[in-house]
Amino acid sequence: MSLDRRMSSPSASAAPSAGLCCRQLSVVRGRKQVLNDVSIELNPGEMLGILGANGAGKSTLLSTLAGELDIDPMLHPRCPVSVNGQDITQVSVAQLARVRAVLPQKPELVFDLAVEEVVSMGLYPFPDLSRNTCDDLLDAAVSQADIHHLWERRYLELSGGEQQRVQFARTLAQLLAATRVSPQGCYLLLDEPSSSLDPAHQHSLLRAARQAASEAGAGVLLVLHDVNLAALYCDRLALLAQGSILACGSPSTVLQPVLLREVYGTDAHVQAHPVHAGVPLVVFL
Amino acid sequence: MRRSVLVLAGLGVALLIALLLAVTSGAVEIPWRMLPAIVSGRSEDAAPLLRQVFLEIRLPRVLFSAVVGAALAVTGVAMQALFRNPLAEPGLVGISSGGALGAVSAIVLTAGGFFVIATAAFAGSLLATFLAYLLGRRYPGVAGLLLAGIAVNAIAGSAIGLFTYAADDRQLRDLTFWSMGSLAGGTWEIVGWLGPWTLLWVTWLCRQWKALNALLLGEREAAHLGYALKPLRRRLMVVIALVVGPLVAVTGGIGFVGLVVPHLVRMALGAHHRYCLLASAVGGALLLVLADFLARVVVIPAELPIGLVTSLVGGPFFLWLLLTARGTRV
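In the order they appear, the protein sequences are chains Y and F. Heads up, the first sequence is in numbering that gives the first Met the number 0, so the first residue is 0 and it goes up one at a time. Heads up, the second sequence is in numbering that gives the first Met the number 0, so the first residue is 0 and it goes up one at a time.
Chain Y extracted, bound-state conformation (with noise of 0.2 Å):
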């Protein structure tokens, strides 16, 4: 393929790098490879997207990356995630609560709490923040997720959609929280965020992320379904198939048909974005 990949160089003598990255992954689970030789980085203030078709690896890349997944010894040995330039199984779990946010895909939450006490959970991995601090970054995780208007409803009587711009809100404190105290190399990791909200909010939960990336100086990584929608607010895309990386670039270079075809076993047409420039825009036929 001549195209230009932009991923990580995978010599394993190169000295570690800053940004949370992985060299060479391979998870296998049961009989079947979920990973094969997956190198990519996230670098601070960026914003990449994952895409690929149903059962391509992408939660199982995120999971590896936000290091709640346990490592094969028999196939790496050595550790092959890195944060800021540390093995991640050297980090201890609290540790790493403080420098990045995962927001998984379903949340599993039954019991009855209130919207504020949910958001607020994304400050206990920082004890040390003083009230007032906490109240401020609430507030700006609230307002950069719209849910001032759900703040006094309990979480159980949400819609879906609202239930998910909750949670996502409680990411976004923890993260916003853990750029206060350590303002270098911070990840958001973000596994469907979008996947039951309406287009209005889907554009605004990017934004937010966006802003995370751009303001704040977060690495965020996403995993996305909509291609318009990632090509629309992320600085890469990498394409996931199989379980390999086919494709790691900018939009304009990554999403191509013949790409797209291998990804999703779908024809598809890439055009120039009606509004945006230099933006490509996506029909799957």
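What the hints contain is simulated information worked out from the structure, not anything from laboratory work. Just so you know, these numbers come straight off a predicted model, no measurement behind them. Certain hints may be false.
Listing some non-contacts, in silico: residues in chain Y with all C-beta distances to chain F over 12 Å [stated by the list, open to error]: (1) P72; (2) Q94; (3) L112; (4) H272.
Listed next, with one range per pair, are the computed distances between beta-carbon atoms [said to hold, decoys possible]: (5) F:L86 x Y:R152: 50 to 56 Å; (6) Y:N131 x F:V4: 21 to 27 Å; (7) Y:E156 x F:F114: 50 to 56 Å; (8) F:N84 x Y:G44: 37 to 43 Å.
Positions of the beta carbon are idealized from the N, C-alpha and C atoms, including for glycine.
Given chain Y, put chain F in place with the hints provided.
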């Protein structure tokens, strides 16, 4: 928040009233107005019998009921958060059935006696919980613990059946009474040991409210918020076993407190553990003091087994709650 404080205050006042009610009534009535004289010891007119009943029998037993109730309710809340299921309780991992097996084997195999039975019950409950934890560790998440708990409960149940089959008439009677629970073991000696011990660990559990809240979000989410799951799960299991084990050993089977009280508290206040744990502690104490009061006064001069009262009252009450409050709240 203000609502939580109000509910907590209300529960506290109710507990005080219940305590007063419980210490004054029973087979021997102690008039309220004589309480100050009895407590201060300046009781020329108070019969020495009343003083003895109050200080030696009534007071330690009522205090013990409060401690047991608080412990059962708080460990219930912790188990429900750990399993992320409002129907979980300490018995799920074999604490109660292990304790029962220990007690039954002591009743059938030895000459019996309170301390032999209690020691065997304590050993049984710890052993069962340890076994469930050890077996359940082989599977990821809390599902393994649950499955292992079911297996341990089943095995303990069948062993109890075997001992019951082998028991003679007198042993059968002891056995039946043990399984229906009693707070008559609440002497000053027991309260002196188990009171501070239980309160210490209940306080520790109440301080874990953040971790328990995070668990409600989900196991992955709790880890993302900085709570290492395996150590957290192990710590909670150990503490729950250390609190409930000795209590079950002394009281026998007391059901429903760990289920009904947290449920009621969550209906009133929501599941936020900062308040839920405290309110459950006070509510559990209140419920068991009242239940023990009922057990003592309903069939004077005899008394009903406490486990019978809690399930007789608790069961239908719980059913009524489920049928009337069909909200979304868990």
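Report task. Could you say whether the range 50 to 56 Å given as a hint is met by the Cβ separation of Y:E156 and F:F114? Result -> Given range 50 to 56 Å: holds, Cβ gap about 52 Å.
**Report entry** 21 to 27 Å as the expected CB spacing between F:V4 and Y:N131, which holds or is violated
**Finding:** 22 Å, holds
**Report entry** chain F versus Y:Q94 - minimum CB to CB distance exceeding 12 Å, so not interface
**Finding:** Violated: least Cβ distance 8 Å, not greater than 12 Å.
Query raised in the report: In terms of Cβ atoms, is chain F entirely out of 12 Å range of Y:P72?
Result: Holds: least Cβ distance 17 Å, greater than 12 Å.
Query - Y:G44 and F:N84 - C-beta distance against the hinted 37 to 43 Å - result: Holds - the Cβ-Cβ distance for F:N84 and Y:G44, about 42 Å, lies within 37 to 43 Å.
Query raised in the report: Against chain F, does Y:L112 keep a CB gap of more than 12 Å to every residue?
Result: Its Cβ does come within 12 Å of chain F, the nearest being 5 Å, so this is violated.
Report task. Using the beta carbons of F:L86 and Y:R152, state whether their distance is inside 50 to 56 Å or not. Result -> Violated, at about 26 Å.
**Report entry** Verdict on Y:H272 as a residue remote from chain F, using beta-carbon distances over 12 Å
**Finding:** 34 Å, holds
Consistency note: the structure conflicts with the earlier hints numbered 2, 3 and 5.
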